[in-house]
Amino acid sequence: MNPVSNQSTARIPSAAIRTPGRFLRAALPALSLALVILGIAWLNPRAISYFGLNLMLNLGIPVALATTAQMFVITVNDLDLSIGTFVSFVGCVAATWLRDAPALGAIILFSAICVYATVGAVIYLRSVPSIVVTLGMLFVWQGLAILILPKPGGKAPVWLHDFMNLRTPYVPFPVLTALAIAALVHFGLMRTSYGAILRGSGGNPNAMARAGWSLFKTKVVMFTLAGIFGVLSGLALIGLTTSADANIGKGYTLLSIAGVILGGGEFVGGRVSPVGAVIGALTLTLAGSLLNFMRISPDWQVGAQGAILIVVLAARAVINRAERRLR
Amino acid sequence: MRELPVNTVSLDGVEKHFGAVRALAGVDFAVRAGECVGLVGHNGAGKSTLMHVVAGTLIPDRGRIVIEGEARQAYSVVLAHKLGVRCVFQELSLCPNLTVAENVHVLHPSIAGWRWRKRAGELIRGELEEIFPDHRIAPDAIVGDLPIGKRQMVEVARAFTVTKDPLRLVILDEPTSSLDSHRAGQLLSHVRRVVAAGASCILISHLLGEILEYSDRIMVMRDGLVVASDNATQFDRSKLMTAMGGAAARRMRLAEQIIATPRGTTAVRVRAHPATQSDGIHLVAHEGEIVGLAGLSGHGQTEILLSIFNGATRRVPGISVTDPVALIAGDRQSDGIFPLWSIAKNIGIRSLAALRSGYLLSSELEDRLAERWQKRIKIHTPNMRNNILSLSGGNQQKALFARALGSEAKIVVMDDPMRGVDVNTKLEVYDLIRAEARTGRTFLWYTTEIEELQNCDHVYVFRNGRIVADLPRGELSEELVIQSSFQEGTTP
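So the protein lines, in turn, are chains A and B.
So in the working numbering, spot 38 of the first sequence is number 38, and the numbers just go up one at a time.
Residues are numbered in the working numbering as their position in the second sequence, beginning at 1, plus a constant of 327.
Just so you know, not all the hints are guaranteed correct.
Unchecked claim - Below, in silico cross-link-like pairs of lysine-lysine (BS3-like), each with a Cα-Cα straight-line distance of 27 angstroms or less:
no.	chain 1	residue 1	chain 2	residue 2
1	B	K705	B	K672
2	B	K491	A	K217
3	A	K217	B	K705
FYI, nobody ran anything at the bench for these hints, they're computed from the structure.
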């Protein structure tokens, strides 16, 4: 699960050059997830079972997808404040048109992805801060969601509901899905050659432009990917909840940003980790269950998520400082 | 093919302007196949701009670019790469978040598909081994984790790697700035090998020894023009210095109206010791003095100005400052103006305490201050309440001068404040600075333009964060300033 564990290069003494800090930092997200799971296991050993994990991690899947969407945007040094209401919008479309008129529903969702691509294009061409544009889009998606479903209702398409409630043998479905998302995005962003270009345009945009790469293209690609994963997140959420609500994805914006950062990503500089982001999303989801088992009111859930974030970031800062002192 | 002295790359009459500043004033330039051209010149002579034009990252306003005998229209980075023109820029252009191998792919899009990392890694490892034997850099190391010297080695080696496009010309802009002498020697020997194999190289360096030893031909730039170009054997260190500084006879004219105050008669206002200075030399500024800070840019001048500025309000080791300090920033867009505010507000911000009536700011006092300085410094605007961006660059800079001079500060530190300012404004401001110094103000003036040092009573030349020359105004000469800024660390 270590996102930056590398293929070994036998002939060069690379271990001397690579820092132990890099491994520790990369291991932090996995460590925090393990701690939360251990906490749950200690409080209620029966929760760590096929059904228990299924129940606890179910809602982690849409969060993980939204976090991945956010991570694409953060890779190119932008921030997407609209992902939460976008998930709500997708949920409303999925629970209404996608069930009643699948073709129309699909067209709407496709257009929504095109809007995301356009947002990326506008941010690049007009060099407006992404926060401004996506803050505007936050209200657009919210408004559209309320227009579609003024009050909670609708019903998930049967195929979607069936897919999200698959019973896989031995390993719970949410665990498999999380692994699949992490592996797919890790391969695409961290292993392919164009993935390196995408990350590079977050790391040193000037250098990329000087080498002849189009920053316009990388920005549009990243926002399109964010749109696609936002749609997947909304669909997954509706498949689980079976009905929709215009506010269903409300908490996702901050949760997704927290997930990316918790997973080892940084706001600027193209330093992100897809595997870490998925782990971060699951950790934040499981924190809710842990509180339940501790008999603490769900009202404290957001506070607990914040506490986890602070602890992990503090640990990261300590590692960084120790590393600097070693140099 | 190679009997004729074919020009690999040539430029005809290339001009480039940045606002009012003419960076290139019609440069003719040619590099032949199989030669290494050394390019020297003082700060702002236009070397880097010229290289950006050759590399395709800057489009010239006028002029022709000819590569392999063909005039290139729509010349761009992509075309430059295809034609085999590579550039190692002065500021590092690797992506710090990617691995060494991934950075190689950035330059070579053709390395893609199955096992691309391994191929890119092998390419760069081979090149590194050829240039810098025993380099100990793993292709899968993340660039940001490498020390700066190794980063520069990677960047230089990357520029020499070849995939499907040929390697015709490599531009090295200060390639040895972060390398120790051993590694620098390895690199420069490699340059000779590459040149012997028929490729060409442009070498920019402020280490004149490197230039003299390793180039076939040397070009000297000054004020956006190539002022000298000849075989390297025709030059020596002093000839190069003379060419960089203009005609040999051109000693600095000392502006006669200033009567130099003998040092030590007035009170000491600033005493500063650069953090990296090992000997006991201090930067000292007395009341009523204009003290110049010279040397190549980025050699510690801005840092010491900032620590003097900080030293006025809190304790900074090695710095003692007796009076309030005002700072005039050189990079006016990012450090100087408040772009959303009016001219008057931009001037008043340094004097808020004086502009108060009761507990509130008085816009009447603010306007009065602004109008006083509009008259004094001649800011050309119908109304001082207009937005600061309605002014031309030179007038914006005047507003920044008004901000500092209108304040109560007895010490004014200036961080190359005349960048991109037109000549007339400069002359007006020089007069103003001298007039203010006569009233007892102290100025610390970092400038990259040697001519501006004429206005100073005393000049300190900086190199590598240390004061290397301490010149009273009687001893000041352009040659001496250039000589001390270019002197090498190792004795020549």
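Outcome of the hint check:
no.: 1; hint: K705/B <-> K672/B; result: holds, 17 angstroms
no.: 2; hint: K491/B <-> K217/A; result: holds, 24 angstroms
no.: 3; hint: K217/A <-> K705/B; result: violated, 47 angstroms
Going through the hint list in order, the structure does not satisfy hint 3, though it satisfies all others.
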